[in-house]
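> The residues making up each chain are set out below.
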Amino acid sequence: GQSLEQPSEVTAVEGAIVQINCTYQTSGFYGLSWYQQHDGGAPTFLSYNALDGLEETGRFSSFLSRSDSYGYLLLQELQMKDSASYFCAVGPDKLIFGTGTRLQVFP
Amino acid sequence: DTEVTQTPKHLVMGMTNKKSLKCEQHMGHRAMYWYKQKAKKPPELMFVYSYEKLSINESVPSRFSPECPNSSLLNLHLHALQPEDSALYLCASSPGQREGSAFFGQGTRLTVV
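So the sequence lines, in the order shown, correspond to chains G and H. Going by this note's numbering, the first sequence opens with residue 489, and the numbers climb by one from there. Going by this note's numbering, the second sequence opens with residue 12, and the numbers climb by one from there.
Check before you lean on any hint, since a few could be wrong.
[What the hints assert, rightly or not] Derived DMTMM-like pairs: lysine to aspartate or glutamate, alpha-carbon spacing no greater than 25 Å straight-line:
#1 Lys64/H - Asp581/G
#2 Lys33/H - Glu78/H
#3 Lys582/G - Asp96/H
#4 Lys33/H - Asp570/G
#5 Lys582/G - Glu502/G
#6 Lys20/H - Asp96/H
#7 Lys20/H - Glu95/H
#8 Lys51/H - Asp527/G
#9 Lys20/H - Asp527/G
#10 Lys49/H - Asp581/G
#11 Lys52/H - Asp540/G
#12 Lys49/H - Glu493/G
#13 Lys52/H - Asp96/H
#14 Lys64/H - Glu95/H
#15 Lys52/H - Glu497/G
#16 Lys51/H - Asp96/H
#17 Lys582/G - Glu14/H
#18 Lys51/H - Glu63/H
#19 Lys29/H - Glu95/H
#20 Lys52/H - Glu14/H
#21 Lys51/H - Glu95/H
#22 Lys30/H - Asp96/H
#23 Lys582/G - Glu78/H
#24 Lys582/G - Glu55/H
#25 Lys49/H - Glu544/G
#26 Lys33/H - Asp581/G
#27 Lys49/H - Asp527/G
#28 Lys51/H - Glu502/G
#29 Lys582/G - Glu63/H
#30 Lys30/H - Glu110/H
#31 Lys51/H - Asp570/G
#32 Lys569/G - Glu63/H
#33 Lys30/H - Glu55/H
#34 Lys30/H - Glu63/H
#35 Lys29/H - Glu63/H
#36 Lys29/H - Glu110/H
#37 Lys33/H - Glu63/H
#38 Lys29/H - Asp96/H
Hints were generated in silico from the structure; no laboratory data involved.
Next comes chain H alone, as it looks inside the complex:
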């Protein structure tokens, strides 16, 4: 199994809603990432988990809250988002935090209304 699975594929939420994005991998990878990508821009790193512990937070606003319940799962909890947070949210995993290869899920396209 070489897939990273993200759900949902699409999400529309209001500015007062709370929602969660989910990511799952069964490759035994020890590093997992959340990225945000706007149209025609590169993926922008948000969070890195290494061995289920948060190792990097790229100064992301607190309305985004990551969680790693176990080595296969990564969640991103969303609360009180702004319309400018609308983007493609990508999850990725790699064998280790210093590995050169990362595998990406298909992303969740989020629209905040």
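One chain only, chain G, in its complex shape:
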């Protein structure tokens, strides 16, 4: 089976940096994805790590350590609009989502 664990909730203030962790157990692994979902909306793809290391996409960065079965999403210069749920996800043959982290950004 596959399982992905994330903290249930994270809070931060505008302009701050926040890290959302994901630990996974999977029988096969190609890479770790991250998705954002606003209330009432659909998940939106943010980033994908197939190899160890850091991937940067604007204010968002994602990190993967395959040996530790661990990854994180780093959000910098937080804005109010970043308040949403964030999910890590793994493949390969099916996209399985983590438990999700609700991020609340305060002014």
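Put chain H on the given structure of chain G with help from the hints.
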């Protein structure tokens, strides 16, 4: 065109009704997915189609019946649903079944009465 389009956006159906959810993408993606999402929970995988063939069925009850008429379309046929099946149903597509990125439609919010 980078959209996945789902119709209808909202659906209310009785337990004896038959209805269908539709999903369309024109990105040339070869993998398409159906997910079910309950409030405050992660999306839960139901079915995966790869190259128009059903490749994964996550032990979904037979009252849910998927169909992939062509590479751009994905349907989910619903029959004799239960109130606990009320949820947001999401369709997604990706370039291939082992790709890291998937694009989601806005979902169909289903209420079974």
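> Report the numbers of all earlier hints that the structure fails to satisfy, in ascending order.
4, 5, 11, 14, 18, 25, 30, 32 and 36
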